[in-house]
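S.K.: Listed below are the residues making up each chain.
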Amino acid sequence: MGEKTPRIYSVELNGAKDMEQTDKGDDKKYRSLRENCLELGKNHHKEELRKEVDLDDHKLSNKELENKYHTNIITGLSSTQAAELLARDGPNTLSPPKETPEIIKFLKQMVGGFSILLWVGAILCWIAYGIQYSNDKSSSVDNVYLGTVLALVVILTGIFAYYQEAKSTNIIASFSKMSPQQALVIRDSEKKIIPAEKLVVGDIVEIKGGDQIPADIRLLFAQGCKVDNSSLTGESEPQPRSCEFTHNNPLETKNIGFYSTTCLEGTATGMVINTGDRTIIGQIASLASGVGNEKTPIATEIEHFVHIVAGVAVSIGVLFFIIAVSMKYHVLDSIIFLIGIIVANVPEGLLATVTVTLSLTAKRMAKKNCLVKNLEAVETLGSTSIICSDKTGTLTQNRMTVAHLWFDNQIFVADTSEDHSKQTFDQSSGTWASLSKIIALCNRAEFRPGQESVPIMKRVVVGDASETALLKFSEVVLGDVMDIRKRNHKVAEIPFNSTNKFQLSIHETDNTTDKRFLMVMKGAPEKVLEKCSTIMVNGQEQPLDKSTAEAFHTAYMELGGLGERVLGFCHLYLPADKFPETYSFDVDTMNFPMSNLCFVGLLSMIDPPRSTVPDAVTKCRNAGIKVIMVTGDHPITAKAIAKSVGIISANSETVEDIAKRLHIPVEQVNKQDAKAAVVTGMELKDMSVDQLDEVLTSYSEIVFARTSPQQKLIIVEGCQRQDAVVAVTGDGVNDSPALKKADIGIAMGIAGSDAAKNTADMVLLDDNFASIVTGVEEGRLIFDNLKKTIAYTLTKNIAELCPFLIYIIIGIPLPIGTITILFIDLGTDIVPSIALAYEKAESDIMNRKPRHKKKDRLVNKQLALYSYLHIGLMQSLGAFLVYFTVYAQEGFRPSILINLRVEWEQDSVNNLEDSYGQEWTHYQRKYLEWTGYTAYFVGIMVQQIADLIIRKTRRNSIFQQGLFRNKVIWVAIASQIIIALILSYGLGSVTALNFTMLQPQYWFVAVPHAILIWVYDEVRKLFIRLYPGSWWDKNMYY
Amino acid sequence: MTKKDKKSFNQSLAEWKLFIYNPTKGEFLGRTAKSWGLILLFYLVFYGFLATLFTFTMWVMLQTLNDEVPKYRDQISSPGLMVFPKPVSALEYSFSMSDPQSYKGYIEDLKKFLKPYALEAQKNLIDCTGGILFEQKGPVYKACQFPVTLLEECSGVSDPSFGYSSGHPCVLVKMNRIIGLKPQGNPRIDCSVSKVGYLQPLVAVQLGLGASSAPKEATVECKIVDSPNLKNHDDRDKFLGRVAFKITMHA
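Protein chains in written order, with numbering that gives the first Met the number 0: chain R, 0 to 1037; chain X, 0 to 250.
FYI, nobody ran anything at the bench for these hints, they're computed from the structure.
Here the structure is a predicted model, which means the values were calculated and not measured.
It is possible that part of the hints are untrue.
Said to hold, decoys possible - Okay, the calculated beta carbon distance ranges per label pair:
| no. | chain 1 | residue 1 | chain 2 | residue 2 | range |
| --- | --- | --- | --- | --- | --- |
| 1 | X | ASN21 | R | VAL313 | 23 to 33 Å |
| 2 | R | VAL110 | X | TYR46 | 33 to 43 Å |
| 3 | R | HIS306 | X | LYS245 | 35 to 45 Å |
Unchecked claim - DMTMM-like cross-link-like pairs, simulated, lysine to aspartate or glutamate; straight-line CA separation at most 25 Å:
| no. | chain 1 | residue 1 | chain 2 | residue 2 |
| --- | --- | --- | --- | --- |
| 4 | X | LYS110 | R | GLU912 |
| 5 | R | LYS485 | R | GLU474 |
| 6 | X | LYS173 | R | GLU904 |
| 7 | X | LYS110 | R | ASP906 |
| 8 | R | LYS67 | R | GLU251 |
Just so you know, even glycine gets a beta-carbon here, dropped at the ideal spot from N, CA and C.
Start from the sequences and build out the full structure, keeping to the hints where you can.
M.R.: Now the structure itself:
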């Protein structure tokens, strides 16, 4: 087809040319579908698919079909037969993708992440109690109690995570719910309307324009039937359907209609030959589920983080277990220490917080028209480095719009923005008056009634895309077109057809003095020009000489070169003497002149880019994201749109451009000079994997045109070989494998098929590319903020861990209990870590490169070290100060506390002396110990407030970021304080919780330490800002 | 699959080796010698600063303390009771009258406990007759004498076996010391099995279990009574103002 098509994009209105091309050239396309499917599918799919492709129903005669399916074309199946077949084959629906059973999902939450560690802790607790109990029947149940609490923590956080996950899945479930479909079927010689899912093979169904084809059918009768196969093959042109066998390939022959494609016009009767999952669509859908789902980057990051923390927890735990045993501690006690260390090290609430944070962002994104199905995909979008975008509908408005006009030897630009209300080009010329009349009259499209209040551009029109564009255009320019048509009554009409390539109508005019008929015509410019002998310039008819013909061709080439669909317009006033008012026009015999018309002008249309897209593409480019256009459209149109939205920037050239500019053959061009490339599907087909990789790496601006949806998968895989995180947009059923393969599949909410929406990770509600960019922004922000959240959460783990280590080594009364730790991790710290998700970006996050999947980790060495060894340690010191203060002021000076542990914990010692010689009963000591817990807890809490504030930024000063900009932080701080107050004063009397009423002054002991933490972090950030790239920056920036 | 795993294992081993020592970059554990030096120096200075700071804040905190009196006594508002000799397990005494070995430990414990109460040891304490409570203003505080003779039979003076050999074992009940505690009312320790009389601050309980051959058991509960500010009942603290013990005596 390449050599046949001129450099100008075809000018069809309802052209048949494209269809011929499809029939002739694109056999390969389908083969590629098959090959892809085979590649993707597992072995057992292979057999199934081959069987399907060997389908020969299209070759059979009606009689043979009747025999094969034991049916009758006139009477249909009998109800009993149908019931039997239904029982045998199952309902005619696509089985939903195999879902993990809910219970498995739930159990996964129960054992994932830190849960295993906590389960080990809980079980150790119970074992410890078991041993204690077998030695001494009256041993305390503290361990059982702790074990149960740990188990509860795991179960509750598991339930929470499961609930969050389920909630986000439900959004989609409700979203993609299909309305039940009906089918008109002949059974028992009667026409019946039954639900489409009740269809069985052999059923005779009738379809008409507007219906969705309810199953794969072999057509038996068709009248003017055209189907839209775009969801299956990606071809946007309507495909004619008849009952003749035209092609060996079942996918190509005209006598088969496919499940879920739409019948656009005409009527047809067909026999059902495949139902449900056995249909072509069903097979593609089931293949998509065979494509392995890539693990999301954030899942990898969280796993990495869990490994680090679990590693630290287990190694410190084991180390101190060994130390404790070698220090002659009882093994049972050592086990209890081990549990304490594990609990202190594991940020129990963190994974739940991450889930909440992600779902908060998902909600925020939903408001910006990005509906996220898989929570983790929120961040994936942020790390995206390549976006493979569709053209139609995503980058463009998905409606033909008049872009340029040519008359009076001049090209005029029309406004193509989404809501253009007026056209500003020069409308004073007499030529325009004639042209506008032709545009208004030679048009069959009409507004659907009752839309007077709707803006013109939004009104629903009955008619094809080009005519709709013209109708809206003239409505905007001229006003009420329907009224104009009424006043200029139509007396005859030849609608467009592909052989004529023009459309003609004859009207009585509203000019009362001039009784001549007006004949108006539009069509392919060269065809229209053929019929003309004059041309109108400045309202005057002039003979069409060579120079004006030249001018016409230049304009035609220029507009065609913009990728626009060009139409020519001409008219003729029929002389009143030959065509009196009573003249009867006959369109079959054409009893009116068809030559020597007057050429008036050209008009070109394009599906214009959405006005927000160029800006969004620039943003992507600044953000280091490569935007690749993948479209089924013609290369010239694709390139024109790519240029106008900036996917191909203004100053970059393709190899072909350079060749044209330098007038040298394409082969001689140095490929290094070209930044951009337009690759067609045909070229892609012949490329090896290495060649594709070369194209993807050597060009920064790439457009893939004339590609089949299947080739998208090849492109995606190519991008992923470059270690890129790839986002792919798609709408057709055939996009599903690519959507699934992509790191993040984005389905179109309006144009998208259900299959695409099902496989995608994200649904773009407004089909707008710009929404992807806002999604990227949110995704990057959440990555930054998760870093902050994790840094915040990890810090206090050291402050929780140190007490156990000190307790084991120097034998002071335990500074903080395991239950108290849980109250920090799952109490005071929860709201603050979520609050960090609301933090604004520190700098323009859209001005930096996407993070490298393998290098820029969520939790890096610097983050862990700074949290653990810097702030964490400072926090421990502060908390210990509070602890020692409480003990000292109650009578136990620090010196006496050392090695006091054994006596302190002994039940029978009820007269333990403190530094002042006062004697304490066991319970009095226990109570003091709890006061110590509370004091230590308050110490951590106070310093966590400072920690929360410093985590607002990683580089900027808090004062640059604004201390009060994120209000949620202050809510969080208030929540911390209130929870702590409630625990101490409200629940201080509940012994089981180990809290006591702490004297008010102890709440302030750690405040200087908190201030120190803030100051220290400000100094750190100051040096990072002052000396970028320095040793300090490398070691202290996380 | 196994082939692939093996390869990745070898790869990771090589990666680890490279991490431990990278000869091309001269890196050990991911850092060059200079980098290690810098980071260690940094931590030395940083931790040195933190240590100094912590020592300083602790010193400041200790300055708030009084040498004689603890700052707060809210946690021990009421004294606990403790018994002597210290029973081996859970406040149960068990001995055999005829076997001195079985109560030797109790006697030694009692003797040790009463040593500071000996007359010589209390020589420089003032003699506060009548047991009347009075307040001292300092700066030198004097404690009152507690004549061990008040314990009569249980003082160990007249009976070195503290009655254990005769079937009248002595158990001393002591009130825990709390600085600045002024009991209100007229507190005394009341033991529910056998009342020997109130002795300040030590109470001796001598049980007249008799010398019969059958094993005898007695459960004794002592409580501080008649003082409104001294608690003798707390659900969780079994020793707050009370103590309960059991004596089993065999012939």
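S.K.: None of the hints should be skipped; say for each whether it holds.
M.R.: Verification of the supplied hints:
Restraint check, ASN21(X) to VAL313(R): a C-beta distance of roughly 27 Å satisfies the suggested window 23 to 33 Å. Under the hint 33 to 43 Å, the C-beta atoms of VAL110(R) and TYR46(X), about 39 Å apart, fit the expected range. A beta carbon spacing of about 56 Å between HIS306(R) and LYS245(X) contradicts the range 35 to 45 Å that was offered as a hint. Annotation: proposed proximity of LYS110(X) to GLU912(R) holds, straight-line Cα distance about 20 Å (limit 25 Å).
The straight-line distance between the Cα atoms of LYS485(R) and GLU474(R) is roughly 14 Å, inside the 25 Å bound, and the hint therefore holds. A C-alpha spacing of about 21 Å is found between LYS173(X) and GLU904(R), which places the hinted pair at or below 25 Å, so the restraint holds. Taken as a hint, the LYS110(X) and ASP906(R) pair is honoured in the structure, with Cα atoms around 24 Å apart against an allowance of 25 Å. Pair hint LYS67(R) plus GLU251(R) holds up; C-alpha atoms about 22 Å apart against a cutoff of 25 Å.
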